[in-house]
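*Asks:* The working numbering applies: residue 1 is where the sequence shown begins, and numbers increase by one.
Certain hints may be false.
[Stated by the list, open to error] List of simulated lysine-lysine pairs, DSSO-like, C-alpha gap at most 30 Å:
1) Lys-89 with Lys-125
2) Lys-89 with Lys-170
3) Lys-89 with Lys-192
4) Lys-89 with Lys-137
5) Lys-125 with Lys-170
6) Lys-125 with Lys-192
7) Lys-134 with Lys-89
8) Lys-137 with Lys-170
9) Lys-192 with Lys-96
10) Lys-137 with Lys-192
11) Lys-125 with Lys-137
12) Lys-134 with Lys-192
13) Lys-96 with Lys-137
14) Lys-96 with Lys-134
It is worth saying that the hints were derived from the structure and are not from the lab.
Bear in mind that the values here come from a model prediction, so they are computed numbers and not experimental data.
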Amino acid sequence: MGSQGGEAVAFDPEPSNFRETGDSTGIFQIVIEIPEVLQNDRLERGEEIVLEYTDWGPSGSDFVGDEDEDINLTIFTSNFGATVELDQKVYTWTDKVYITIVAPDHNFDSDLIDEIGNTNLDPIKVATRGNDLKQYKLVETGTDTGIFTGEVILTGFQHDADGDPNTGAKAGSGFLIGSDTTPRTGNSIGDKATGPTDGFLESSDDDGMTVSFEFSEDETVVGSSLVRWNIGETQWLEASYPASGTGVVRVVDPDLNLNPESVDNFDVDVWSDSDAGGIDLTVTETNEATGIFEGTVFFTTTDESSGHRLRVSEGDTITAEYEDNTLPDPYTRADELDITGTSIIGTIVPPLERAPAANARVVDAFGNSLAEVQVDQQVQITADLANGQDREQSFAYLVQIQDSNGVTISLAWITGSLAPGQSFSPALSWIPTAPGLYTATVFVWQDVNNPTALSPPVSVDIRVV
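All chains should be modelled from the sequences, with the hints used to inform the complete structure.
*Replies:* See below:
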């Protein structure tokens, strides 16, 4: 249809100024612009248009005018429909939402950049479950594209996201003390937002986002996404660091991207075995709207902890922790969760080399090796453990005894720890009750409740007579 401006002034339903396309072609044409409004009636998408021409000299007639024949052609105004797309399926509570609407029929002027959504004839509404922006304008991406874009920033609700009452809103501000958001619906100062980029919209932690576009009378398309909080993650970028080096802490928490148009930051706790008091480390967003925050820790073995400097010793476990106050269901807004990440100061030893076991054997009460065991004789199952690390290693020593059918008839364990460089030969006793061939397998784990293997299993066969 023609220009969005309304009924064409010179529209003629019976045009007579057809022009032949050339000498003696017998082909005549005219350009007719279909108006948007005709006789105070708004034309619809898919409206039927009948073109009728009366031929006063049809085939077979002797004279022009003696006979006539009506020639009809039926066409329709375009109705390509429209689609609404959002750039994400799930947003967090303070995300920036990018909206794209593909509406070829609203490319009214191929030489201009068109707009949609800001009139009651083609309204766009951007809404969460509790708030909305009406008649929100989107702008064509270029001339003759039929693709329209805009953006809206979600502003959340009043909430202390970082758990620190000393940041965010202060007493007397009219907001919840410590609140790290400025919830509002409208433009940046709370007035009506017109689009395409000045919209702000309040949202909650368990919400939905819907964009609707009435592209034709009584025909509306929608696009929608969820709004949810997330559980964060804390990590050190390396599994181990030298005692005089530096380490990088990374926190991934989209919910702390409180302003998608600026770089956010907050503090995390960092400590070591040598200094349990530790430091407050500021982690800074890697860029606008990434939800990824990093901070650098400087390790020292001689100076006290201060600023971003942390006192450590060889073999220390270093820990970074922050309080996640933006947790998804089934948590509530009042819940919090400490999110931690750890690393090691010193050389990392592969798990199976931390306390390797060797020389599994059967011995009597005096430590003498036995080639054969009597029924009801008490014996010891022992193996040699060695800690080649420069730090203490706790362990669980387990002995499993199986008969010749593979049935486990005994399982026992003890726990202990090895000092740096220490060797030790733990033992567990067993009294056989029947003759036969048995196999004792020794396992060395981090702990009974943490079955991380510190050594490959070793076995010894036992003949009982």
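*Asks:* Hint by hint, say whether it matches the structure.
*Replies:* Hints and how they fare:
no. : hint                 : in the structure
1   : Lys-89 with Lys-125  : holds, 18 Å
2   : Lys-89 with Lys-170  : violated, 35 Å
3   : Lys-89 with Lys-192  : holds, 27 Å
4   : Lys-89 with Lys-137  : holds, 22 Å
5   : Lys-125 with Lys-170 : violated, 34 Å
6   : Lys-125 with Lys-192 : holds, 13 Å
7   : Lys-134 with Lys-89  : holds, 22 Å
8   : Lys-137 with Lys-170 : violated, 35 Å
9   : Lys-192 with Lys-96  : holds, 18 Å
10  : Lys-137 with Lys-192 : holds, 12 Å
11  : Lys-125 with Lys-137 : holds, 9 Å
12  : Lys-134 with Lys-192 : holds, 9 Å
13  : Lys-96 with Lys-137  : holds, 16 Å
14  : Lys-96 with Lys-134  : holds, 18 Å
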